[in-house]
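J.: Residue numbers (our numbering), protein chains in the order written: chain A, 178 to 666; chain B, 2 to 402; chain C, 121 to 491.
Hints are computed from structural coordinates only; laboratory data are not their basis. Hints may be right or wrong, so weigh each one.
To be verified - No farther apart than 30 Å at their CA atoms in a straight line, the calculated lysine-lysine pairs in the DSS-like style are these:
| id | chain 1 | residue 1 | chain 2 | residue 2 |
| --- | --- | --- | --- | --- |
| 1 | C | Lys-382 | B | Lys-37 |
| 2 | B | Lys-217 | A | Lys-631 |
| 3 | C | Lys-468 | B | Lys-247 |
| 4 | A | Lys-315 | A | Lys-649 |
What the hints assert, rightly or not - From chain C, some residues computed to sit far from chain B (all C-beta separations above 10 Å):
| id | residue |
| --- | --- |
| 5 | Val-187 |
| 6 | Ile-318 |
| 7 | Arg-381 |
| 8 | Asn-389 |
All C-beta atoms in this analysis are idealised placements derived from N, C-alpha and C, irrespective of residue type, glycine included.
Read off the chains here:
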Amino acid sequence: MDDDENKLSNHPFEDNINKIKKMLKDCPDIIMRKVNLDENKSGFFIYIDGMVNIDLIQRDFVAPLLCLSFEKMQDEETLRNLPVTDLRFTDDLSILIENVLLGSTVFIGEGLSRAIICGLISFDKRNIQEPITEKNIKGSHEGFVESIKTNMTILRRHVRNTNLKFKMFTIGKSTNQMCAVAYIEGIANPDLLKTLCEKIGDLNFDGFIGVGYIEQFINDHPNSPFPQYQATERPDKTTASLLEGRFAIMLDGTPVVSIVPTTFFSFFRAVDDFNSNWIFGTFIGSVRIFAALIAIFLPGLYISILSYHYYTVPLSLLIPLAESRSRVPFPPLIEALLMELTLELLRESTVRLPTFVVNSIGVVGGIIIGQAAVEAGLVSNLMVIVVAITAIASFVVPNSDMGLAIRVLRFIVMLFSAAFGVIGIEVTATTIMAHLVTLESLGQPYFQPLIPLKPKDFKDAVIRLHLQTMRKRPDVAQPLDKKRGSGGN
Amino acid sequence: MNINKENLITSKQFMILIFSTMIGVGIISTPYLLVKEVGHNAWLSALMSGIISILLTIIISRLLNIHKDKSIFGINKLLYGKYAGMALNSLYLLYLILKTSIILRLIIEIIHIIIMKTTPSLILSILALICPFYMAFYGLKPICRFSNFVFLILVEIIFLYFVSFSHIRLSFLLPVGNISLPSLLYSMRSTAFSFLGFAFLWLVYPVITDKKNALKYTIWAMVLSTLLFTSTIVVTMGYFGENMLKHIIFPVYYLALVYKVPVFERIDLIFLVIWFPALSMTLKAYFFVTYYWLYQATGYIFPKIKSNANAFSGNNKNKNSLTGVKDKKKKIVFLILFSILIVAVSRILKDYNHVLKTIEITDMIGVSLISGMAIIDLIISLIKNAAGSKNKFKAERRAKK
Amino acid sequence: MMKKVLVFILIIPILITGCWDMKIYERIGFILNIGVESSKDEGLLVTYTSPVIAEGKKQNEVELIEVTGKVLRDAREKARRMSAKLLEAGKIQQLFVSDEYAQNKSIHQTFEVLERDPTDPIHCWVVIVEGSPSKMLKALSKFTDKPRPSIYMDNLLENSSKSSYIPDTKLVDFDICYFAPGIDPILPLVKLSGQEVIAIGSALFSGDKMTGKINTRQTFLTLAMMGKAKKAEFASIDPLPVKPDFGNERDMSTGLVPVKRKIDVEIENGRPVVNIYLKFNGYISEYKWDNLDEATVRAEIENYLAKRLENDCDETARLLQQHGCDAIGIGDIVRAKYNDFWKSIDWKDAYKETKINVDIDVNIKQFGVIN
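Take these sequences, add in the hints, and give me the full structure.
T.: Below, the structure is given as structure tokens:
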């Protein structure tokens with residue numbers, strides 16, 4: 178819209194009101210309340226019912242405003258003494274509408290040079306509660322909510338520092354959502370910030386329903402199964418990442434926050450690890466990586482050994498295994514695929530069912546299907562054990578994106594191992610390693626600190642040492658200020 | 002030759018690249034040839050090969066320092082003129098192609114002999130080439146990053162040596178040196194297969210960022226791999242004895258075959274499986290280097306093929322530019338043709354012993370080419386430099402007068 | 121574009137696959153034991169045992185196949201034509217060879233197929249059987265109070281070798297000793313007797329052929345001289361009569377653990393002289409009830425044991441020389457240290473002339489809980 182078109186002072190009052198009425202036609206939730214001022218002039222209060230704090234608006238904005246005489250109303254200095262916290266003036270029609278949509282109350286008066294915007298926003302939102310997908314034992318049970326202002330408040334409460342900055346963007350052609358990039362100035366690298374902001378500024382899409390949409394548009398390798406952005410609902414995790422110089426992308430309407438840049442090893446860390454003794458942090462971290470390896474390779478290994486390399490089975494297992502396999506009519510690949518696909522069906526069904534059905538599915542799936550399949554002679558005992566261990570191992574990874582990647586990779590490994598035995602697993606593993614090595618997250622190598630080798634970051638990512646040794650920030654986000662504890666100044 | 006700045010490598014990465022290239026295939030296949038010739042003095046031979054390679058490295062590095070920022074192909078063209086230089090370069094390129102094919106064939110033979118006997122070689126070639134193809138597309142930096150994995154894998158070989166340590170009979174290695182020096186020198190040609198890895202220095206020199214450290218780190222890589230080779234030969238010789246070792250074609254694998262683990266009984270398959278990335282690393286490095294220089298060479302002869310994005314660059318960040326997409330397509334087509342060439346050449350050989358003979362011939366060519374080029378080029382460059390500085394000196398004196 | 125090509129390349133192998141090398145697990149018959157002896161005509165009589173996979177009742181059954189063939193692989197092919205399962209030799213646990221076969225034919229040549237094929241284990245036991253392995257395997261498969269033949273034999277051999285009654289020689293050890301010019305291998309020796317199989321000692325080899333036998337005590341001493349006696353377990357010496365100084369004569373029994381071994385070879389007058397020094401720790405298991413707290417008594421026992429062991433060692437060394445089996449590896453040491461001397465002689469003859477001196481020290485460490 179043309180600037181001149183937009184300016185309220187360029188057109189007579191009636192024209193402006195008609196324009197606004199036309200825009201707000203068939204929007205019954207946006208209310209235009211007419212009031213009569215002195216000298217036969219009229220004014221309109223425009224607000225969205227349900228997004229404003231009705232009590233405060235009536236008491237502190239409408240009442241004092243209407244008590245003013247018409248001359249005082251035209252004087253902006255007097256208006257600034259209105260007892261509301263957020264008071265602005267604008268001459269621009271589009272800004273006016275934008276603010277109404279955000280939840281502010283707007284007053285347009287005939288004869289007033291500018292419209293008054295008062296932002297006493299209050300709407301219903303979810304309570305701050307623990308996110309269901311990321312639980313922990315020893316930390317805070319707070320999680321982000323859908324309103325971006327509340328999220329920004331939560332972050333500000335965690336980092337009480339003026340260096341916590343938010344860069345705001347409005348994205349989505351039809352939805353006009355607010356998006357913020359949070360970072361700590363003085364720690365975060367300005368080059369990375371610039372790249373990120375450019376990418377978000379270039380976004381050109383209808384509407385971004387979740388933060389995953391943003392991720393998919395701005396990541397460097399859209400065809401890779403591995404996630405290059407870490408999604409989280411927890412403010413403590415976000416704070417820890419901000420302190421390392423990373424960026425958090427927040428989107429209005431979704432409680433999930435996207436952290437970038439990230440490395441492969443950060444998907445295997447939970448906040449709990451840093452909250453307890455370093456010995457347990459290291460132990461559990463290694464258990465997680467071991468679980469990820471098992472989840473990807475165990476079924477493939479099972480298939481390849483049974484199909485090609487019988488001689489690697491130890492003597493004590495030789496005969497019981499043959500006995501249990503002899504009753505199964507299928508070759509190992511079909512047997513494994515059968516069980517794995519059943520498990521995938523089970524998993525998908527339990528994710529979206531209402532809670533009271535989930536428990537019974539657990540019993541049905543776990544015990545009955547497994548046992549019954551063995552009794553019916555469809556699968557062997559060892560296969561059931563393998564599938565169960567794989568399933569449990571794939572749940573160990575704390576991040577859901579990485580868990581999805583592992584599930585898909587497992588099937589590829591199984592197919593290749595059935596075709597080529599151990600060499601199939603080999604080639605797949607080498608290709609996965611090659612892929613991980615070329616991946617980058619916001620330009621930073623994905624597989625550090627292992628490759629490229631950065632030994633001083635080991636104590637953070639691969640193993641966990643005592644907190645006293647962590648005096649320097651890891652290199653992932655190329656922070657400006659390497660030493661922790663200087664306040665980010 | 003414009004180089005994409007994002008894919009330069011440091012000399013430390015270069016060191017790891019050379020180290021993993023040299024030991025990948027070399028450890029599994031080479032000790033056999035060496036031991037067949039010299040018996041229990043093979044470790045002396047390996048040690049001396051290492052020393053001579055280090056000397057050659059110093060010569061090459063001196064040569065490269067004189068001509069700054071050029072690779073061997075550029076230097077040859079400079080020193081010998083356009084046509085003679087091109088002829089020499091093509092000879093060297095042919096040698097590189099042959100060597101890449103032999104490495105591919107070696108890997109396939111190892112898989113054939115040890116794991117799967119009847120799977121057709123074509124399928125195995127495709128499997129083995131998937132990774133080099135993928136990484137050659139992305140450039141040199143990811144290949145260097147991948148080579149870091151070799152350090153993790155090295156642990157298993159060292160573990161194997163520790164475990165076999167108690168069974169080593171030192172008497173198998175004695176008496177030392179009861180062999181004539183000429184035959185020792187002659188036997189060193191069998192080690193050339195892996196030790197010629199230092200020749201990467203003059204192929205990759207233009208993209209190394211801190212060139213003054215290049216010599217230091219290359220020598221480190223040579224020292225480490227010489228150590229590893231010598232200890233391999235010492236351990237396998239001490240364990241099996243020279244007569245038996247003359248019959249075993251994969252000594253390190255045999256060592257893994259012999260060790261009986263308490264629970265799993267046999268770990269030879271696990272050994273090979275874990276070692277596979279190192280094998281493919283050798284193939285990747287040679288594949289990429291040969292492909293890159295072939296690309297450059299054909300770009301020189303047929304300018305239509307040459308493009309702005311060159312192979313040292315990885316994923317072209319400029320997704321929207323037309324030249325970016327076209328270049329990617331050109332690159333992929335060239336890669337496919339190149340892979341087909343390598344597979345075809347590798348099928349010419351008949352069986353493993355034929356491969357071993359071809360390795361000997363190729364390495365004789367390689368050794369003579371490389372050492373010849375190195376020494377002669379250095380001498381000519383020194384003479385030219387001396388002449389050049391003499392001219393400069395004369396010009397200065399004239400200017401002073 | 122790159123991704124499309126990659127995906128295409130990745131899919132091709134799966135589509136073309138015919139699974140060339142597939143060996144489905146449950147269709148394979150694992151050969152667990154092989155017995156080899158000479159058959160009446162020129163070839164070998166080979167016996168294979170492989171376990172029967174069935175549920176419930178027939179828990180320990182084995183399938184026994186007996187074939188003749190010229191070479192081992194030939195026999196296996198014949199056996200494959202008889203068995204329902206594809207016989208594979210990847211899990212062989214023991215190879216049994218009859219002593220008469222070992223005396224006349226070459227073991228190394230026979231089992232060379234096992235080394236050539238990388239799927240075959242080369243750390244399987246090679247055992248010489250006094251008698252016919254075929255009869256022994258047949259009898260073993262009929263034992264009702266013992267586990268499957270291969271597992272039973274595996275446990276038996278494992279336990280006996282831990283106590284140094286038989287040498288711990290696997291196929292690869294045999295080969296190493298065979299190829300090395302100065303060492304000769306020794307192999308375990310068993311015998312079928314009634315309802316049991318007994319480990320009776322070792323078989324001596326010179327080159328590739330069997331030349332003699334020694335019993336378990338001599339095996340222990342040979343292993344101690346080789347430096348290969350197991351240190352964890354100890355061999356209990358047959359009861360020795362005690363000097364009649366303390367009233368009633370009584371036999372004594374001791375456990376011995378070798379702790380030190382020093383071997384020294386010198387050439388004197390064109391003849392190698394070997395000095396071996398062995399040190400043992402002793403643990404008395406059976407003795408007369410008292411008097412062990414006196415130092416003199418202990419010293420006397422130690423001396424007695426040392427002398428007795430030295431005698432036995434001399435006799436063992438004599439036997440080894442007589443059968444031309446250089447198990448201790450003296451030839452290897454001569455080759456390493458005195459290479460010119462080695463080149464000038466034929467070791468087989470020189471070995472018989474070698475003088476072997478053994479010096480033994482015994483240290484009694486413990487006596488149990490009574491004194």
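J.: For every hint, state whether the structure bears it out.
T.: Now the hints, each set against the structure:
1. Lys-382/C to Lys-37/B: With Cα atoms ~33 Å apart, Lys-382/C and Lys-37/B exceed 30 Å; violated.
2. Lys-217/B to Lys-631/A: Holds - the C-alpha atoms of Lys-631/A and Lys-217/B are around 21 Å apart, at most 30 Å.
3. Lys-468/C to Lys-247/B: 23 Å, holds
4. Lys-315/A to Lys-649/A: 25 Å, holds
5. Val-187: Its Cβ never comes within 10 Å of chain B, the nearest being 24 Å, so this holds.
6. Ile-318: Ile-318/C is indeed farther than 10 Å from all Cβ atoms of chain B, at 25 Å.
7. Arg-381: 14 Å, holds
8. Asn-389: 22 Å, holds
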